[in-house]
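Number of protein chains: 2
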Amino acid sequence: MDPPQNFDQFSLKRILMNDTQRKMIAVEGNFNGHQEPAVVVIEKYAFDEASVLNVCNAQTKFKKNLENDVYKSFSCVPPYDENISSNKMDIIYPATDKHILKFSSQPLYFVQETEEMYQTITLPHILGSSLSLQWLYNCLEYKSEKERIKYDTASENQKDDEDNGFLLLPDLKWSGKLNELYLLAIIKKRNIKSLRDLTINHLPLLKNILNKGSAAIYKLYGVEQSQLRIYVHYQPSFYHFHVHFTYLMHTPPGINVGKAHLLTTIINNIEMQGNYYQKATLDYTIKESDPLFNRFEEKGILRKAKLIDESNNA
Amino acid sequence: MDPPQNFDQFSLKRILMNDTQRKMIAVEGNFNGHQEPAVVVIEKYAFDEASVLNVCNAQTKFKKNLENDVYKSFSCVPPYDENISSNKMDIIYPATDKHILKFSSQPLYFVQETEEMYQTITLPHILGSSLSLQWLYNCLEYKSEKERIKYDTASENQKDDEDNGFLLLPDLKWSGKLNELYLLAIIKKRNIKSLRDLTINHLPLLKNILNKGSAAIYKLYGVEQSQLRIYVHYQPSFYHFHVHFTYLMHTPPGINVGKAHLLTTIINNIEMQGNYYQKATLDYTIKESDPLFNRFEEKGILRKAKLIDESNNA
Chain A
50 MDPPQNFDQF SLKRILMNDT QRKMIAVEGN FNGHQEPAVV VIEKYAFDEA
100 SVLNVCNAQT KFKKNLENDV YKSFSCVPPY DENISSNKMD IIYPATDKHI
150 LKFSSQPLYF VQETEEMYQT ITLPHILGSS LSLQWLYNCL EYKSEKERIK
200 YDTASENQKD DEDNGFLLLP DLKWSGKLNE LYLLAIIKKR NIKSLRDLTI
250 NHLPLLKNIL NKGSAAIYKL YGVEQSQLRI YVHYQPSFYH FHVHFTYLMH
300 TPPGINVGKA HLLTTIINNI EMQGNYYQKA TLDYTIKESD PLFNRFEEKG
350 ILRKAKLIDE SNNA
Chain B
50 MDPPQNFDQF SLKRILMNDT QRKMIAVEGN FNGHQEPAVV VIEKYAFDEA
100 SVLNVCNAQT KFKKNLENDV YKSFSCVPPY DENISSNKMD IIYPATDKHI
150 LKFSSQPLYF VQETEEMYQT ITLPHILGSS LSLQWLYNCL EYKSEKERIK
200 YDTASENQKD DEDNGFLLLP DLKWSGKLNE LYLLAIIKKR NIKSLRDLTI
250 NHLPLLKNIL NKGSAAIYKL YGVEQSQLRI YVHYQPSFYH FHVHFTYLMH
300 TPPGINVGKA HLLTTIINNI EMQGNYYQKA TLDYTIKESD PLFNRFEEKG
350 ILRKAKLIDE SNNA
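Read top to bottom, the protein sequences are chains A and B.
My numbering puts the first residue of the first sequence at 50, with every later residue one more than the last.
My numbering puts the first residue of the second sequence at 50, with every later residue one more than the last.
Extracted from the complex, chain A is given alone in its bound form (with noise of 0.2 Å):
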């Protein structure tokens, strides 16, 4: 029996695993009546370089999810088979250098950032270049994405709003399944540009923002706090505080340690210490184009390293 050429008559019987970053499947059923059970496990393959230009032909069904300033996100979807071979597709035009560095593979280095290193190296670099927020502060003032907002702290009437509010919206990089949940909490406040800021004093803020954070999360979808992987990206890609929640079994880039900063880490440091965050060396990984790797390279703390060739063996 070569079960593929009878897979019209496979009977599934369950769904065993459906890796959502691997885009794979594993399966448990019948070929043809026969008893003994078979796994049957499908992996989308990766993209080929030299094709990608064929993924968009004018065959190709666009449906537009979003557009926000210069971001805009499709779904792309070939006619002849829906519901297998769509992908999602984002275009940022223009883009600037810094986006088209944001997307790049490159050299990774770790760097240990002490208090000195962050006060006379990266915040002087965040403090000269970092990317305008106005998209951000649109969302805030419900001037665009304002039917995105699955969540905002004024519903509540609470009185601190301003110190300790945030809105809840959907990342653009959820692609809107349950079981890839993927939000944003974005503080209302307008001071706090990273993890490096936080102290004693925005303990409310952040307690605020686990908690109710969750319980909408938890009347909006279903998913109890338990199951949610709560974190801040340290450094992150833009310097206005905000807090991922993503669903605990979806794996989305960017929750590695020496990135992702569990929130309730974060919460349990600062009440062992008040300043953890200004005082603590903080280590994360850095791409060799990022312009904070020249400074670190200045500084003689960071130096370039050659890529492994991968057919090397040990």
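These are calculated hints, taken from the structure and not from any lab test.
Accuracy of the hints is not assured; some may be wrong.
Each pair may be met inside one copy or between any two copies, as identical chains are not told apart.
Stated by the list, open to error - Pairs of lysine-lysine residues, derived as DSS-like cross-links and limited to a Cα-Cα distance of at most 27 Å, are as follows: (1) K355 <-> K226; (2) K226 <-> K353; (3) K348 <-> K242; (4) K121 <-> K147; (5) K348 <-> K261; (6) K222 <-> K308; (7) K261 <-> K336; (8) K226 <-> K308; (9) K308 <-> K328; (10) K222 <-> K137; (11) K62 <-> K268; (12) K110 <-> K121; (13) K113 <-> K62; (14) K208 <-> K353; (15) K121 <-> K336; (16) K256 <-> K308; (17) K348 <-> K268; (18) K242 <-> K199; (19) K121 <-> K237; (20) K336 <-> K62; (21) K336 <-> K256; (22) K151 <-> K222.
Please build the complex by placing chain B on the supplied structure of chain A, with the hints as guidance.
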């Protein structure tokens, strides 16, 4: 201008990145001769559980790549679109219960383990049920795997080797390729079960692992410390303190926040507060099938949740 309407006039400048694990590609190019660059990011959607069987139908072409015992592996290509939407399909037939378990997904939970929960739940569980460490003591005593030992601090004749010494061994998961480098530092001291046992007294041991481990790897493999991810698991897979050294651009399992703790962060935390790892609340993910999950469930700390059904959309 609506870029996708004109996608047939898109001219590709270069591939920025091709993530073969996520099946995502980013390219830079221009629309219709416009001078401003655009970044286009295309990612394949995950499989939709409701329509997974449509991946294969009467028109699908199968090419057998491999057959070994119960395993068969195919390329499975829809006839209209060979380059873009083909899938890899592995079939295990007949499949045993173990095959089925191996490919089944398990619910995961985040637990926030306080000092008290460690003392009253986790520690008794570890002491009552940990697996034998005889295989590891055999390594430390050069009774087995001695040809696998890549480095031994004893070679440097330091006086405190019993307290601060360690061996460097390749991890079982290491393929041997340099760009997938994966070594473990196993300490010689026998009374440190995990992160939770580390105090200010262990700083010399931890710094020794960081510095001598990195130096040995540079000497053996030419990989600099800035290109290494050096971390500890909590919970670990065995309760004899050990440290993971992996190549930074490699992404093995177990490098996510909620599981991995950077050695540099551990040293920094203990320097900031000597009893940090006794006092801290440590957050980690736990599988429903882990016996420790049952301990937390009995105490009302965790409760079973339903897995999200992918067919629901937000």
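Indices of hints not satisfied (ascending): Numbers 11 and 14, in rising order.
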